Amino acid sequence: MPNSSKHNSSNLHFLNHTLDNGLEIIAEVNPEAFSLSLGYFVKTGSRDETPDIAGVSHFLEHMMFKGTQRRSSVDVNRELDELGSQSNAYTSEEQTVYYISILPENQLHALDLLSDMMRPTLREDDFVTEKQVILEEIAMYDDQPPYGAMERLSEEFFGSHPLATRVLGTKESVTDLSAQAMREYHAARYAPNNLCLVATGAVDFDQLIRDAQRLTEHWSPSSSKRILSLPKPSSKQIQLIHPPATQQYTIEYAPGPGYLDENRYVSRVLATILGDDSGSRLFWELVDNGLADTAVCFTSEFQDCGIFGAYLACAPDQQIENWGILQKILADAKNSPIDEKELELAKNKICAGLILASERPSNRLFSVGNAWTIRHTYEPVGPASDHYRNVTLDQVQHAFEQLSARTRVSVSVGPET
Amino acid sequence: MILQGPRRVQQSVFHHKLPNGLTLLGERMPWLESAAFTLMFPSGTCREPSHLPGLAGMTLELAQRGAGPFSSRDVVERLDYLGAERSSSVSTFHTNVSMACMARVLYPTLEVAVAILREPHFPEDELEEVRQSALLELASIEDDPAQKCFKELKHLRYGEPFGRSALGTQEGIEAITHRDCLEFHDRNTRPEGAVLSIAGNFDWDEWVKQAEKLLASWSGHACAEPGPVESISAKTHIQHDSQQTHIALAYNSVPYSHPDYYRSRGVVGILSDGMSSRLFTEVREKRGLVYAISASSHSLKNCGSVLCYAGTTSARAQETLDVTLQTIRSISDGIAPDELSRLKSRVRTSLVMEQESSNARSSQIAYDWIHLGRIPSRAEVLAEIEQLTCESLLDHFQQTPPSNWTLVTIGPSPLEFNEASNA
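Protein chains in written order, with the numbering used here: chain A, 1 to 417; chain B, 1 to 423.
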C-alpha cells in the first residue's frame, strides 16, 4: 500500500510508493484540480559528466524525443500534441526533468509515452541532426553576453569541482561527442533507482502505480553515484571583452548554503531584502534612480554547496562606480542593519509568490518533485512558507554580517573600452 | 457544449459600463484563492507626439513614483506588504497595469492601482532618473538580437505611428520634459475606452461597488479614435557581429475581430503549434537548422498579421529562410486530418487549463473586450474550433494567401528574399 500523509489546508494529499526496480513514484493529489502534471525527474546533470562528455546530459535530453523501440521521433512529437499537452524538458547542473500537463482522462496515455521515452533508441542519424540543433543553441547563447559571463564564472568559481561543467557543454565537446558515449551515459544514469516519477493535480494514484509497474518492469537498476564535495574558490576578478556588446554585465558568486542546509531560507530572505528586482536596497540605490538597468542578488542551491550571487547590468562607463555602490551595500551590515519592516516585506513577498504560483498543478510539479528528489521530503505550500515566516531578524542580520568576509569571484563582460 | 475535466463548472462572466465610459469586466473562478485584475486605458504609443517616442513609457514610469496617499517608496512597499505581484506595460493603443494577489487583499491592492491611475504625483525631481532608466532599457535591447529583430519588424511593418516601440528612441527620450508627461497623462488617461477586468475569487456586486466608489468620479472626454492600421511591405538587414542570423518575418492575415479569425489561427496552428507542427518538423527536426522557430497570429486593431521568427548560424541562414517560406507555402498542398485533430486537442486542453490562472483570464477578457467588444465563452471558442475542417483551412489559405511581406534580418550578412515568388 502506498504511504499517505494528509494535511489540513485543503483536499491535497501526498502519496508515495517505490517499485521493486527502485523507481520512486510520488504524487500530490488534488481531486478538485482541472488538470494533472506528470514528470520524470532524473538525478543527473552536467555535474555528473566527465570533461570528455561535457554537455551530454543536455544533448541526451534532446535525443529522448527522438524515438523508441515502439515509436519513431515523429510518433513521439505527434502523440505529445495529440494529448493536447503542454510538455517540455530541461537540464540543469543536477537534474534532467521531462514533464507533461494533461487532462485527467489522458493519464495512462501520457504515462505510457513518457515512460517509453525514457528508453530511447539513440539512433546515429538522429544524433548527427540533433547535434546541429545543440550547436545552434550554443551559438544563440554565445551572442548574448551575460550568458557567456555566467558560464565562465561557474568555471572560475568551481574550479576542479564538478559544478564547473557548462550545462550546454562547449562547441568542441559537443562536436566531439559520440553516440556510443551517450548510450553508455544513458545506461548508467537513467536507471530506475536514479529516477523519480512525480505527479500533481487530479491524479489516479493507484492506477499510476499499476501502470508504471507494468511499463517499467524491464528497467534494471544501476549503481551510479554522484561525487559530492565542497568547492574551494579563491577571490578573483575576470574581465572579458565581447566587442558587439553595448552594456557591461558583471556577475559575482560567493559561497552560500546548499539545498540541505537549513540556512538557505535565511539566505533567500537576505537576497530579497538586499537585491530583489523591486523594493530592495539595490533597487533603491541603483535601479530606481536610473544608474543601472539591473542590480540584483540571488541564491543558487546544489546538493553539496550553494551560491550567494550578485548581478549588475549598466552602461560600460558607469560599471566601476556602480559596482562600488553594490559592494558597499553588501558590506554595510554594521552601519545599516536589517530592520523589522524590511524583513516583514520580504517575507510577505516571498510567501505570497509561493501561494500564487501553487494554484497550477504544473507549477506544483517542480516544488513537489524537487523537494522529494533532493531532500526526500514533502511539503504543502503552507508549511513551506512557514520556513520563511520563521526566519528571525537576528538570523538575517547575522547572515548579512557574514557577507563582508565572503570569498568573491566575479566576471565582467562588455565592449572594448 | 461540454468541456472535459474532473469538474464541469459554469463559466460566470460579467460586464458593466459606468456612466463615465469605463467598462468593468469579470470572470468568477471561486475555486482559486487568488484574484487578478487588469486596468487598460487608451494611452498607447500611437498617441505620442511624433517627435517624442518613449513618452507613454516614461509617463507610466513617472506615474508610479508616488500617487494619492503613497510616496514613491510607499507604492512599492505597500504592494510588497500586500504580497501583490504586478506588471505594467505600454502597447500601441493602451497602457496596461496588472496586479495579482490573494483574494483577501484585493481591495487594498486595487486602491494602489487606482491611485497610480488617478492621482499620480509626477515628481519633477525624479524625471532625470526616469529618463536614465528609459535610456538604459533602450540600450539593453542591443544585446538581445532576437528581441531587437521584432522591435525593428514592428517599426518597419506598421510605420508611423503604429510601429512605434514602447522603448522609444534615444532622441525622443532625451527631449521629453516634465510638462510633456503631465499633458500626455491628462490627454489620454480617460475612462472612455478604458477597461478594468478581474478574474479569480471575488464577488461581482462587491467589486462593482468598490470600483464605482474609486472610479465613478473619473472623468474626461473621449480621445479621437486612431485611424486604421495598414501593413507595409518592406525588408531590411541590420549588420551585427554575431554568430547567428536572426530572421523576423511577417505577412498579412486577418485580425482577431474578423469572422475568419479561427480559420486563420488554425492555419498558424498547423504551422507552429506543438512539436509536430510543420515548421518545427521541417526546419528543426528534419534539418537541424535552428534551435528556435515559431509563427504566431498578431492583431493590431483592424490589421492581422502572422509573425515568424527563426535564429540560425549565418552559414545556414539562407537555407533556413528558404525552408521556412517553403513550409508556409506547403499549406496550399493540403492539411491532413491528423494535423487538424492534434490542433483541436491542444485547444481543448488549453481551454480547460486556463481556468487555473486568474492572471491569464484577467488579461484575456480585457483583450477580448478591446478587440471584440464582448467576451466569447469557452464553449463558443470550442465550437469555433470544432467546426474547422481541413477543407475550410485550405480554402481560407487559398483565398487569402500570405501577402505584403515584411522581413528583418540581423546578423553578419543579408539574405535573398523575393516577395513576388512568395505571393
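No lab work stands behind these hints: they were computed from the structure.
The structure presented is a predicted model; accordingly, all values stated were derived computationally and were not measured.
For glycine and all other residues, C-beta sits at the position ideal for the given N, C-alpha and C.
Errors might be hidden in some of the hints.
Unchecked claim - Result set (DMTMM-like, lysine to aspartate or glutamate): computed pairs, CA atoms no more than 25 Å apart in a straight line:
(1) B:Lys-286 / A:Glu-82
(2) B:Lys-344 / A:Asp-112
(3) B:Lys-148 / A:Glu-137
(4) A:Lys-341 / B:Asp-74
(5) A:Lys-328 / B:Asp-241
(6) A:Lys-171 / B:Glu-282
(7) B:Lys-344 / A:Glu-105
(8) A:Lys-131 / B:Glu-128
(9) B:Lys-148 / A:Asp-277
(10) A:Lys-131 / B:Asp-322
(11) A:Lys-328 / B:Glu-33
As the list claims (entries may be wrong) - Just a sample of chain B residues kept apart from chain A, beta carbon distances all over 12 Å, derived:
(12) Ser-50
(13) Glu-128
(14) Asp-186
(15) Lys-209
(16) Pro-228
(17) Thr-236
(18) Pro-255
(19) Thr-313
Said to hold, decoys possible - Covered stretches of chain B (in silico footprint by chain A; criterion: 3 or more residues with CB under 8 Å from a CB of chain A, positions within the stretch not fixed):
(20) 32-43
(21) 355-369
These are the hints, each one checked on the structure:
1. Pair hint Lys-286 (chain B) plus Glu-82 (chain A) holds up; C-alpha atoms about 20 Å apart against a cutoff of 25 Å.
2. A C-alpha spacing of about 22 Å is found between Lys-344 (chain B) and Asp-112 (chain A), which places the hinted pair at or below 25 Å, so the restraint holds.
3. With a C-alpha separation of about 18 Å, the suggested pairing of Lys-148 (chain B) with Glu-137 (chain A) holds against the 25 Å cut-off.
4. For a cut-off of 25 Å, the pair hint linking Lys-341 (chain A) to Asp-74 (chain B) stands: about 12 Å separates their Cα positions.
5. Of the supplied pair hints, the one linking Lys-328 (chain A) and Asp-241 (chain B) is violated, its CA atoms being roughly 36 Å apart against a limit of 25 Å.
6. Restraint check for Lys-171 (chain A) and Glu-282 (chain B): satisfied, since their Cα atoms lie roughly 24 Å apart, inside the 25 Å limit.
7. Between Lys-344 (chain B) and Glu-105 (chain A) the alpha-carbon distance is near 16 Å, which keeps this suggested pair within the 25 Å criterion.
8. Using a Cα cut-off of 25 Å, the hinted pair Lys-131 (chain A) and Glu-128 (chain B) is violated, with the two alpha carbons roughly 49 Å apart.
9. Among the hinted pairs, Lys-148 (chain B) with Asp-277 (chain A) is consistent with the structure: their alpha-carbon atoms are about 23 Å apart, no more than 25 Å.
10. Distance hint between Lys-131 (chain A) and Asp-322 (chain B) is fulfilled; the C-alpha atoms sit about 21 Å from each other, no more than 25 Å.
11. As the CA atoms of Lys-328 (chain A) and Glu-33 (chain B) are separated by approximately 41 Å, the hinted pair breaks the 25 Å bound.
12. Remark: the non-interface label on Ser-50 (chain B) is consistent with the geometry, its nearest Cβ contact in chain A lying 25 Å away (cut-off 12 Å).
13. Its beta-carbon lying about 7 Å from the closest one in chain A, Glu-128 (chain B) breaks the requirement of being farther than 12 Å from that chain.
14. The beta carbon of Asp-186 (chain B) sits about 25 Å from the closest Cβ of chain A, which is more than 12 Å, so the claim that it is off the interface holds.
15. Every C-beta of chain A lies more than 12 Å from that of Lys-209 (chain B), the closest at about 25 Å, which supports listing it as non-interface.
16. Its beta-carbon lying about 36 Å from the closest one in chain A, Pro-228 (chain B) satisfies the requirement of being farther than 12 Å from that chain.
17. With a closest Cβ-Cβ approach of about 18 Å to chain A, Thr-236 (chain B) is found to remain outside the 12 Å limit, as its non-interface label requires.
18. Non-interface status of Pro-255 (chain B) relative to chain A is upheld: no Cβ of that chain comes within 12 Å, the nearest being about 26 Å off.
19. Non-interface call for Thr-313 (chain B) relative to chain A: violated, since the shortest CB-CB distance, roughly 5 Å, does not exceed 12 Å.
20. Counting residues of the stretch 32-43 of chain B whose beta-carbon sits less than 8 Å from any beta-carbon of chain A gives 3, enough to reach three: the coverage restraint holds.
21. Counting residues of the stretch 355-369 of chain B whose CB lies closer than 8 Å to any CB of chain A gives 4, which reaches the minimum of 3, so the coverage claim holds.
Consistency note: the structure conflicts with the earlier hints numbered 5, 8, 11, 13 and 19.
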